[in-house]
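Q: Generate coordinates for the entire structure from the input sequences, incorporating the hints supplied.
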Amino acid sequence: MVLSQTLKDGVLIITTEANRIDAASAIHLKDQFRELTEAHSGRVLMDLSNVNFMDSSGLGAMVAALKSLNGRKLELCALEPMVAKVFKLTRMDQIFVIHATQSEAFDATEKGTDAA
Amino acid sequence: MTQAQLNSLSKFAPRIYFDATINADPLSVRDAIMIIMERLKTDFPSESDEINNTEIVLAEVLNNIAEHSYGAENIGDIALSVVMTDSLLSLETRDNGIAMPGLAPPDPKEQPLPDETDKLPEGGFGWMFIQTLTSHMEYRREQNQNVFCAQINI
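These protein sequence lines map, in sequence, to chains A and B.
Heads up, the first sequence is in this note's numbering, so the first residue is 1 and it goes up one at a time.
Heads up, the second sequence is in this note's numbering, so the first residue is 1001 and it goes up one at a time.
In case anyone wonders, no lab produced these hints; they're calculated from the structure.
Beta carbons: idealized from backbone N, C-alpha and C, even for Gly.
Accuracy of the hints is not assured; some may be wrong.
In silico DSS-like pairs for lysine-lysine, Cα to Cα no more than 27 angstroms straight-line [what the hints assert, rightly or not]:
hint: 1; chain 1: B; residue 1: 1119; chain 2: A; residue 2: 30
hint: 2; chain 1: B; residue 1: 1119; chain 2: A; residue 2: 88
hint: 3; chain 1: A; residue 1: 67; chain 2: A; residue 2: 85
hint: 4; chain 1: A; residue 1: 85; chain 2: B; residue 2: 1041
Computed beta-carbon distance windows for the label pairs [said to hold, decoys possible]:
hint: 5; chain 1: A; residue 1: 1; chain 2: B; residue 2: 1087; range: 40 to 50 angstroms
hint: 6; chain 1: A; residue 1: 19; chain 2: B; residue 2: 1147; range: 27 to 37 angstroms
hint: 7; chain 1: A; residue 1: 35; chain 2: B; residue 2: 1014; range: 43 to 53 angstroms
hint: 8; chain 1: B; residue 1: 1131; chain 2: A; residue 2: 80; range: 20 to 30 angstroms
A: The structure is reproduced here in structure tokens:
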């Protein structure tokens, strides 16, 4: 299993259970993400705290996941330094909404800073 | 040669971290990377940036071979060696797949990301990572083999 899900205050939290999002797991992430988000129309937050390695194939799968939301945002939280680096080098950190932690992602809504 | 001479030699000699032939599929690539990284991290427990960069470079180089040189057929040999001195990590791969187009690695051009989400690229980041994270890289075709070398300053 690459991903698991929980629903909290209407936000679908998808936790990446795999430690490596690489060429071997990218396709599974893409497919499972699509399955889990299909029936959900609210916010989607992906918790990457378990991921300690991501390569270009993994990043490609993240972009595919974002695209499968058909224009909705994909919020991410808890990026390890190596994962953050991959997003930064490709400037994808400007495309995804990135929060430091899960609770920060929820604070963002409460404070109304999550301008939709 | 005396034991003392041997000891002083080994202190300056390159340390070989990995030298093996692996199959060109994503899981074998992952296994090889994990073995190499475990050895590197034993010597560099502080997790320096350069050691982390090595993991990305290895993944991109090896997966490029699996995907492009061997056409993602999940079969084919990659001979990989990783050697390190106190200041430089050097890796070399040899494979029997097809030659790189133009007999040279692609030169990734930095392009602004498109505004529309559905036009975002899902690939093509690999060579940019290799180029950005290595101090030197070199490719040559040698008797029906692809030979690729890269160096990372440690």
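Q: Take the hints in turn and mark each one as holding or not.
A: Status of the hints after comparison with the structure:
1. B:1119 <-> A:30: holds (17 angstroms)
2. B:1119 <-> A:88: Holds, because 19 angstroms separates the two Cα atoms, which is no more than 27 angstroms.
3. A:67 <-> A:85: holds (21 angstroms)
4. A:85 <-> B:1041: Given that 27 angstroms is the threshold and the Cα spacing comes to 19 angstroms, the pair holds.
5. A:1 <-> B:1087: 40 to 50 angstroms: Cβ of residue 1 (chain A) to Cβ of residue 1087 (chain B): about 42 angstroms, so the range 40 to 50 angstroms holds.
6. A:19 <-> B:1147: 27 to 37 angstroms: holds (32 angstroms)
7. A:35 <-> B:1014: 43 to 53 angstroms: holds (48 angstroms)
8. B:1131 <-> A:80: 20 to 30 angstroms: holds (23 angstroms)
In summary, the structure agrees with every hint in the numbered list given earlier.
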